[in-house]
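Chain A is fixed; fit chain B onto it per the hints.
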Amino acid sequence: MPDPSPPVIRVSHLSKRFGAHAVVQDVSFELAAGETLVLLGPSGCGKTTLLKMLNRLIEPDGGTVEINGQNVLSQQPETLRRGIGYVIQQVGLLPHYTVAENVAVVPRLLGHAPAAIEDRTMALLTRLHLPPARYAGQYPHQLSGGQQQRVGLARALAADPPIVLLDEPFGALDPLTRASIRREFRELEELRRKTVVLVTHDVTEAFELADRILLLDAGKVQQLGTPRELLFQPNNSFVRSFFVGERLALQLRTLTLGDIFSGDEVRRLKANETEEARVADSNAPARFTAYTTVNEALEALTGGQAPTAATFTLAELMAAFGQALQREEDAWKR
Amino acid sequence: METLTALFTFWHEQAGKLGEQTLQHIGLTAASLLLAVLLGVPLGLWLSRRPRWAPAVLGLAGVLQTVPSIALLGFLIPLLGIGPKPAIFALFLYSLLPIIRNTLAGIQGVPPAVVEAARGLGLTDGQLLRKVELPLALPVLMAGIRTATVINVGVATLAAYVAAGGLGEFIFGGIALNNPAMILAGALPAAGLALAFDALLGGVQKLSTRRLGQVGTALLVALPLLGALYLLPRATGKLLAGFSPEFVGRADGLPSLTKTYGLKHLPSVVLAPALVYEAARHADVDVIDGYSTDGRIRAYHLRVLRDDRRVFPPYYAVPVVRPALLREHPELAAVLAQLDGQISDSVMTDLNYRADYLHQDPKFIAEAFLKRRGLWRAPLPAQAGAPVVRLGSKIFAEQYILAEMYAALIRGNTDLAVQTKTGLGGTTICFEALRDGAIDMYPEYTGTGLLVLLQPTPAVVDSLAGRPAAVLNYVRREFRRRYQLEWLAPLGFNNTYALLMRQQQAQQLGIASVSELGQYLRR
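First to last, the protein sequences are chains A and B. According to this note's numbering, the first sequence is numbered sequentially starting from 1. According to this note's numbering, the second sequence is numbered sequentially starting from 1001.
Treat the hints loosely; a few may be bogus.
Quick list of the computed label-pair ranges, beta carbon to beta carbon [stated by the list, open to error]: (1) 1217(B) / 246(A): 54 to 64 Å; (2) 1050(B) / 246(A): 43 to 53 Å; (3) 1109(B) / 70(A): 53 to 63 Å; (4) 1207(B) / 174(A): 27 to 37 Å; (5) 118(A) / 1217(B): 19 to 29 Å; (6) 1050(B) / 141(A): 29 to 39 Å; (7) 1109(B) / 188(A): 26 to 36 Å; (8) 1199(B) / 188(A): 47 to 57 Å; (9) 1050(B) / 188(A): 38 to 48 Å; (10) 122(A) / 1019(B): 54 to 64 Å; (11) 1062(B) / 43(A): 54 to 64 Å; (12) 75(A) / 1220(B): 34 to 44 Å; (13) 141(A) / 1015(B): 26 to 36 Å.
No wet-lab data here; the hints were simulated from the structure. Bear in mind that the values here come from a model prediction, so they are computed numbers and not experimental data. Glycine included, each C-beta is placed from N, C-alpha and C at the ideal position.
Next comes chain A alone, as it looks inside the complex:
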């Protein structure tokens, strides 16, 4: 039976060497439409090289990249790139173009109608909290780092490409800006529908944004899986040690109430869920659901903002969390 949704990106046995140095060795993965893959690893692990081989900024030595079933080598690189959003850490806005002109670069290359480009640009800037009235005519050097990266993001999304590649997009920002722009990024309706490949060396960022993580070291795939799989079922000691510093924080963020509770408690949480959908206020969860992370529940309980309907105490939460960790550990050792 054929796969109902063929992979948007299929990478097979991709390799690249610079001189004697093998930067990427035999990397393969497939990415479904709408999925977000994070390429994670220490500096120099080859993640950026891998990303750039997807839009042919770097040509591979071996292996193939297929986008929507078509080998990228069979397309003009420029045509290929115009169909793929691209964001880099240093942003790289054209300094002699205004914000609006920067956003409009790709639609113009594609020959879209000027009126349509204008509308699209204004809509994107508005959505990225850069009111066009104020920002559209400004030049990049007049913007803060965070604003520049928002423009970079808008530029990548302007032609509504189905795929977006991001190379450490938040790496150059201060922690506060980074957290806020990352939240915007996660909540951006535009991006939810897109197939995203994002490079980072920031573990927290990877866990926050990824559907799946590809962990690389020295050009080789160490593990490809969901954040939970990497955290609780590490393939090898490198994977395990890579998360060791932030293990507890990651576990708190990864495990949900549905994971740690059982029986009646879960039923209650599931019931909340349907109501939750109706309330539709994502910022302050009025009630715990099965998808609420342990971390969020912990914050709510200790911060005095616990939903009135909370049926467990802080101590019960932590105990259930502890037992869940034990179960995961046991399961992995077996």
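Then chain B, alone, in the frame of chain A:
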């Protein structure tokens, strides 16, 4: 203050010439700049794609930059002749380095992130260059063009040495004549042009990057137009003259010649004294100024036009001696007199030709001449303690040859020993050496004695009216009175200014004298 007044007077009198030279200057600068931009910018762009070649290309352009401008022009003359070609080419070479280097630096200065992002967005190489790299490199590129322009305006003054015109004509004329007002008359407008161009391009540089693209295009349109200025004001005539700066500037040179002979319709270019003969030889020009006994007259088959109205002052060669020499050795008078009237203009030209072009030894030339005239006698055996006659000469071939002739005559006809002190530099050095008794005699020219050493009032000079005998009498009398030095009898030839033409052309046109030249031009 006097210089200033003289300067304004000069400008006032030469307003037409000043305008013409300024236009030529702008034309030379613009034409060479255009070529340099057309080659330098693409070359710089190419180097930005092939940075491995950059050190070699920039090194070569740098070496070209270090070649002294005069030497560069010298190298180019055999290849390109004289006139605007070598001048524009030399200026072009000088502009290359700043333009290539700044183009490359401008492109390399574009932030790599911008280039990467632009490529990642799907710009083709051409679009990347046009829309991103060139606009961002333009300020640096423009700075390079600005540097090249200022260099060019300065170096373009040297164009006057190769008959390409420009403000250098005044400057070099002024230097040759030691006339500060005339130097300033060319130097100030040249400096003004440099400042004006610099300010103009500086203003262009400050415009926004967006406008720079238009300005760059405007520049490419404007440069050929400015370059064409060079071609506009040139008058044409039947013959073209090429004169050295000194000849054009000094009162007894071109100005009096023009006045006396009514030389109308003779357009002229100015070029380095060393090049006028070459220019005539290669038919770059038809009429030149020169010296009537120059060896090149024979070597290049030139004809001296007879100065039938005596505009050029007489420069007859005459030995000047310390009277004590003749008193102590009376027998010398007859020996020295053997050369009186023996050497005509054409003979002297021939002797100079042997020295300058056949590279024969002056001593050999002198002795060969004496043998031909039957004046040669083998030197008498030297005697210990014999008195020494010290002969001086200025530092050019004609004087060496004359000194060797006298030396051979004295050795062959007397018991006296001879010491030659040749190469005593210029007129003043020889003259002072003679007065001090460091030498006993040297050959001098009547005109030089009159105008350089005696420097009488213009009224006196006018009263002599260029008559050879009158001039000789005057210098002889004054030298006796003032310096107690004696002018003997003339050797016969007159080494003065002369107008020269190629023999063949002069013959075809039936021109043998300056008057005939004037008639031909008026016809």
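How the hints compare with the structure:
Between residue 1217(B) and residue 246(A), the C-beta spacing of about 57 Å keeps the proposed range 54 to 64 Å intact. Our hint of 43 to 53 Å for residue 1050(B) and residue 246(A) holds, since their Cβ atoms are close to 47 Å apart. For residue 1109(B) and residue 70(A), the Cβ-Cβ distance of about 38 Å falls outside the hinted range of 53 to 63 Å, so the restraint is violated. Between residue 1207(B) and residue 174(A) the CB atoms are about 35 Å apart, so this pair conforms to the stated range of 27 to 37 Å.
Look at residue 118(A) against residue 1217(B): about 28 Å separates their beta carbons, and that is inside 19 to 29 Å. Under the hint 29 to 39 Å, the C-beta atoms of residue 1050(B) and residue 141(A), about 31 Å apart, fit the expected range. Look at residue 1109(B) against residue 188(A): about 34 Å separates their beta carbons, and that is inside 26 to 36 Å. Residue 1199(B) and residue 188(A) have their C-beta atoms about 51 Å apart, which keeps the hinted 47 to 57 Å range intact.
Residue 1050(B) and residue 188(A) have their C-beta atoms about 42 Å apart, which keeps the hinted 38 to 48 Å range intact. At roughly 58 Å, the beta-carbon separation of residue 122(A) and residue 1019(B) lies within the given 54 to 64 Å, and the hint holds. Distance hint check for residue 1062(B) and residue 43(A): the Cβ-Cβ separation is about 40 Å, which falls outside the suggested range of 54 to 64 Å. For residue 75(A) and residue 1220(B), the Cβ-Cβ distance of about 37 Å falls inside the hinted range of 34 to 44 Å, so the restraint holds.
Residue 141(A) and residue 1015(B) have their C-beta atoms about 51 Å apart, which leaves the hinted 26 to 36 Å range violated.
Violation of the numbered hints given earlier is confined to hints 3, 11, 13; the remaining hints are satisfied by the structure.
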